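Student: Below are the chains, spelled out letter by letter.
Number of protein chains: 2
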Amino acid sequence: MTVTLNEIKAAAERIKPYIHRTPVLTNESLNQKVGSQVFMKCENLQKVGAFKFRGASNAVWSLTDEEAERGVVTHSSGNHAQALALAARMHGIPAYIVMPNNAPQVKKDAVAGYGGRITFCEPTLEARETTMDRIRLDTGATVVHPYNNEQVIAGQGTAALELLEDVPDLDVIIAPVGGGGLLSGTSIAAAGIKKGIRVIAAEPELADDAFRSMQAGNIILSVNPKTIADGLLTSLGTLTFPVIQERVEQIVTVSEAGIIDSMKFIWERAKIIIEPSAATVIAVLWEKKIDLAGLKVGVILSGGNVDLNKLPWQ
Amino acid sequence: MTVTLNEIKAAAERIKPYIHRTPVLTNESLNQKVGSQVFMKCENLQKVGAFKFRGASNAVWSLTDEEAERGVVTHSSGNHAQALALAARMHGIPAYIVMPNNAPQVKKDAVAGYGGRITFCEPTLEARETTMDRIRLDTGATVVHPYNNEQVIAGQGTAALELLEDVPDLDVIIAPVGGGGLLSGTSIAAAGIKKGIRVIAAEPELADDAFRSMQAGNIILSVNPKTIADGLLTSLGTLTFPVIQERVEQIVTVSEAGIIDSMKFIWERAKIIIEPSAATVIAVLWEKKIDLAGLKVGVILSGGNVDLNKLPWQ
Chain A
1 MTVTLNEIKA
11 AAERIKPYIH
21 RTPVLTNESL
31 NQKVGSQVFM
41 KCENLQKVGA
51 FKFRGASNAV
61 WSLTDEEAER
71 GVVTHSSGNH
81 AQALALAARM
91 HGIPAYIVMP
101 NNAPQVKKDA
111 VAGYGGRITF
121 CEPTLEARET
131 TMDRIRLDTG
141 ATVVHPYNNE
151 QVIAGQGTAA
161 LELLEDVPDL
171 DVIIAPVGGG
181 GLLSGTSIAA
191 AGIKKGIRVI
201 AAEPELADDA
211 FRSMQAGNII
221 LSVNPKTIAD
231 GLLTSLGTLT
241 FPVIQERVEQ
251 IVTVSEAGII
261 DSMKFIWERA
271 KIIIEPSAAT
281 VIAVLWEKKI
291 DLAGLKVGVI
301 LSGGNVDLNK
311 LPWQ
Chain B
1 MTVTLNEIKA
11 AAERIKPYIH
21 RTPVLTNESL
31 NQKVGSQVFM
41 KCENLQKVGA
51 FKFRGASNAV
61 WSLTDEEAER
71 GVVTHSSGNH
81 AQALALAARM
91 HGIPAYIVMP
101 NNAPQVKKDA
111 VAGYGGRITF
121 CEPTLEARET
131 TMDRIRLDTG
141 ATVVHPYNNE
151 QVIAGQGTAA
161 LELLEDVPDL
171 DVIIAPVGGG
181 GLLSGTSIAA
191 AGIKKGIRVI
201 AAEPELADDA
211 FRSMQAGNII
221 LSVNPKTIAD
231 GLLTSLGTLT
241 FPVIQERVEQ
251 IVTVSEAGII
261 DSMKFIWERA
271 KIIIEPSAAT
281 VIAVLWEKKI
291 DLAGLKVGVI
301 LSGGNVDLNK
311 LPWQ
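Protein chains in written order, with this note's numbering: chain A, 1 to 314; chain B, 1 to 314.
With the rest of the complex left out, here is chain A:
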């Protein structure tokens, strides 16, 4: 299967009973500040606090009965791990989560809280993949990659589908880019629903591997990036990159200060909690590196998982 609008529509039907239909919020102070009409698709208000629950749910509910019985496995220390654990629990099947032993306690607790069966390993990509492979061979569980997976991409695309149902006359959609699951799903949905709609990606300057990949025409790996936007550290995937190349107009990089200022503004004015990765889409408007004046701009606020005891403006 190649992901098309039809797969995204099928995903939307499949996961509808399990996900939140998240609200689309507007804020006049934000509009005045940035000079566009902004429509915020609030995936920070999604279950587990991130859009990741859409893709994980679609992957889990796409399994055959036989596959489902053996469960799912992934390696992740982030929102995908929690999302997959909860989606699996809602389906009543096991989720095996490989996490590096240095992952923050709060993330270990969250995954365990959603019923994930955690296996710890050394904090290297090699150890994570070896450990995951071993579990896969032992259990027969299906691997659900955080973004380089067609069911996941289709699931993430359902956020843009809903956004365009609620606000059909958007001129532009902005989504953040890490591994590219959300961005590729968004761009397939947007192009399929509305010819000519512009899709723009937001990426931290300090983790600009997607920007450089677009320039180079091939995937450039992300090496130890140091941005506050900790959901956007990964490299593009072989499934997501070609979609992004074909359908995304441009990747706009944003500064750390722009991310933090945008994040605080949204907390203060819109009264919702967004994580730094989500703030990147606001930062694109905030820093005005491209001209979107007067346009109707949909932004996907990807998540809201932050440590309230360690805020970046403290």
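Hints were generated in silico from the structure; no laboratory data involved.
Among the hints, erroneous ones may be present.
To be verified - Facing chain B, from chain A, some residues (calculated, C-beta under 7 Å):
| # | residue |
| --- | --- |
| 1 | LYS271 |
| 2 | ILE272 |
| 3 | ILE273 |
Treat the numbers as computed from the prediction; the structure is a model and nothing was measured.
Note that beta-carbon positions come from the ideal geometry of N, C-alpha and C, so glycine has one too.
On the provided structure of chain A, position chain B as indicated by the hints.
Tutor: Below, chain B alone, put in the same frame as chain A:
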């Protein structure tokens, strides 16, 4: 006029073009924690970050053309001042706001930012009322009291109206009580729409004048209360108290720790910013002083205006 469901419905039509239709959110972690099915009406996501914008808008848009020309006046240092200033600006009429000269700078800035014409006075009730009276006589502006005003009560009732449109089968609604504008409007709307629905109020133990007023059968004034819920410091009004006596089942008082714990839980799990006054309704469920197990409970999250640099768990 006595406020009835009809006035609330008329208010809803009148203010519809100006307010946000706020979302009703649910959160599975919260449901599990408290043992009820909770539906959160998010007035923290209302314009100016509080339900107060509903009442202020209804008051402003209920004026005759002649009255409107002369503007509105109030004394307030809280959310009502901002709400009235913005509502007046949207109508293109002046709003005179009397504020105590010791009000926090952030509140002065907010009112000025919404175009309110501020007059400062000594921080006593007498000075505030004298100053307001002088402005009223000078300008002919209409006084809009924060809660002891029928248009305001009708406006505040529209939040419950929308909540019951979205979730018609609620068993209970919980609203916070300060001056009683939101609570009286909520109870009129709820009783009018659904016979037998229970309306319960949340009040801080450290500002329990409404609780004591209900026990005594007459209004007991609030004297220098010291709760973190700074939106609930005022006494009941002559218009709100009789409605509350007639229609509210009981007032449940909550501890400061309950308020802070509930507030942090909502920030962490529901990813929305609520102020301590709004957290009181969650604290009623959290502290389980009354048995609402298994019921469908609507709660009105009254506002989200907090100083992000001074959080109560820091």
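Student: Now look at each hint and say whether the structure bears it out.
Tutor: Each hint, compared with the structure:
| no. | hint | result |
| --- | --- | --- |
| 1 | LYS271 | holds, 4 Å |
| 2 | ILE272 | holds, 6 Å |
| 3 | ILE273 | holds, 4 Å |
Checked against the numbered hints above, the structure breaks none of them.
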